[in-house]
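Q: The primary structure of each chain is shown beneath.
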Amino acid sequence: MVLSAADKSNVKACWGKIGSHAGEYGAEALERTFCSFPTTKTYFPHFDLSHGSAQVKAHGQKVADALTQAVAHGQKVADALTQAVAHMDDLPTAMSALSDLHAYKLRVDPVNFKFLSHCLLVTLACHHPAEFTPAVHASLDKFFSAVSTVLTSKYR
Amino acid sequence: MVHFTAEEKAAVVSLWAKVNVELVGGEVLGRLLVVYPWTQRFFDNFGNLSSESAIMGNPKVKAHGKKVLTSFGNAVKHMDDLKDTFAELSELHCDKMHVDPENFKLLGNMILIVLATHFSKEFTPQVQAAWQKLTAAVANALAHRYH
Numbered sequence: 001m002v003l004s005a006a007d008k009s010n011v012k013a014c015w016g017k018i019g020s021h022a023g024e025y026g027a028e029a030l031e032r033t034f035c036s037f038p039t040t041k042t043y044f045p046h047f048d049l050s051h052g053s054a055q056v057k058a059h060g061q062k063v064a065d066a067l068t069q070a071v072a073h074g075q076k077v078a079d080a081l082t083q084a085v086a087h088m089d090d091l092p093t094a095m096s097a098l099s100d101l102h103a104y105k106l107r108v109d110p111v112n113f114k115f116l117s118h119c120l121l122v123t124l125a126c127h128h129p130a131e132f133t134p135a136v137h138a139s140l141d142k143f144f145s146a147v148s149t150v151l152t153s154k155y156r
Numbered sequence: 001m002v003h004f005t006a007e008e009k010a011a012v013v014s015l016w017a018k019v020n021v022e023l024v025g026g027e028v029l030g031r032l033l034v035v036y037p038w039t040q041r042f043f044d045n046f047g048n049l050s051s052e053s054a055i056m057g058n059p060k061v062k063a064h065g066k067k068v069l070t071s072f073g074n075a076v077k078h079m080d081d082l083k084d085t086f087a088e089l090s091e092l093h094c095d096k097m098h099v100d101p102e103n104f105k106l107l108g109n110m111i112l113i114v115l116a117t118h119f120s121k122e123f124t125p126q127v128q129a130a131w132q133k134l135t136a137a138v139a140n141a142l143a144h145r146y147h
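These protein sequences, in sequence, are chains A and B.
Residue 1 is where the first sequence starts when you use full-length UniProt numbering, and the numbers rise one by one after that.
Residue 1 is where the second sequence starts when you use full-length UniProt numbering, and the numbers rise one by one after that.
Some hints here could point you the wrong way.
[As the list claims (entries may be wrong)] Below, in silico cross-link-like pairs of lysine-lysine (DSS-like), each with a Cα-Cα straight-line distance of 30 Å or less: (1) B/K105 <-> B/K83; (2) A/K142 <-> B/K133; (3) A/K8 <-> B/K83; (4) B/K105 <-> A/K154; (5) B/K62 <-> B/K133; (6) B/K121 <-> A/K114.
[To be verified] Part of the chain A face toward chain B, derived, beta carbon under 10 Å: (7) C14; (8) W15; (9) P110; (10) L116; (11) C119; (12) A130; (13) T133.
Derived from the structure by calculation, the hints contain no laboratory data.
Since the structure is predicted, the reported quantities are computational estimates derived from the model, not experimental observations.
C-beta: ideal position from N, C-alpha, C; glycine also.
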């Protein structure tokens, strides 16, 4: 799957429009991912996001902490995507370090990138329905797919 | 059998009541054909599908989208009995239309995304989760009779 000139232009325009909201959207996309695809929470045992867990119920601070961590992680993901947008002509080089991290340390099963990508699309669709035309939607889907491919490229 | 909680059912039913099936159906199918162009393979007789505007404006796409989403409305009415509700359609999609069930997942995700564009803030993570569950369950029900 190759990103056309139109795709790159659509992604840059959309991401530019998001501006300072990127971190907020990253966090929301993560929250949506954990909500719709609970298996994704297995990668974040240290966040303790389990719904209705005694800890969560009894300790409001713990909930706040978990959410703070999720928000921080959402910002991290968003920052990485911003970098990717700036280097769409050579994603493998630009994302090499993250690629190594996912392959050798995190080892997130590839299926999960699809879940997060989908929730990123849903988040953007919610916040920018007018800009989220079918063509822009297609370009973003391709872009997230390309990023996911690079992040899993060194898995084996 | 998939179990939906009372909250999940409420989330689905209340949002569905506000859905313009004709409009949303057309958008859902249109986006499927734009975002995943290989799905056009099932619609050779639909005429002009050569561009985003051609697809989104195509009257056959709109009509078929309405048909598909109307059928989906049946799922909302029978959330506890999806396999039986879609048994006949499952056989039809396998034997007559030869549709890879993977496409049901793709369409399900398009429904989610179009709902998101229409309902914005109302489409909370919890509402989305209920709808993800429903579209996944419908996809499974439609694939259930494949052989």
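Q: State the violated hints by number, sorted upward, taking the hints as numbered earlier in the document.
A: Hints 3, 7, 8, 9 and 10 are the ones this structure does not satisfy, whereas the remaining hints hold.
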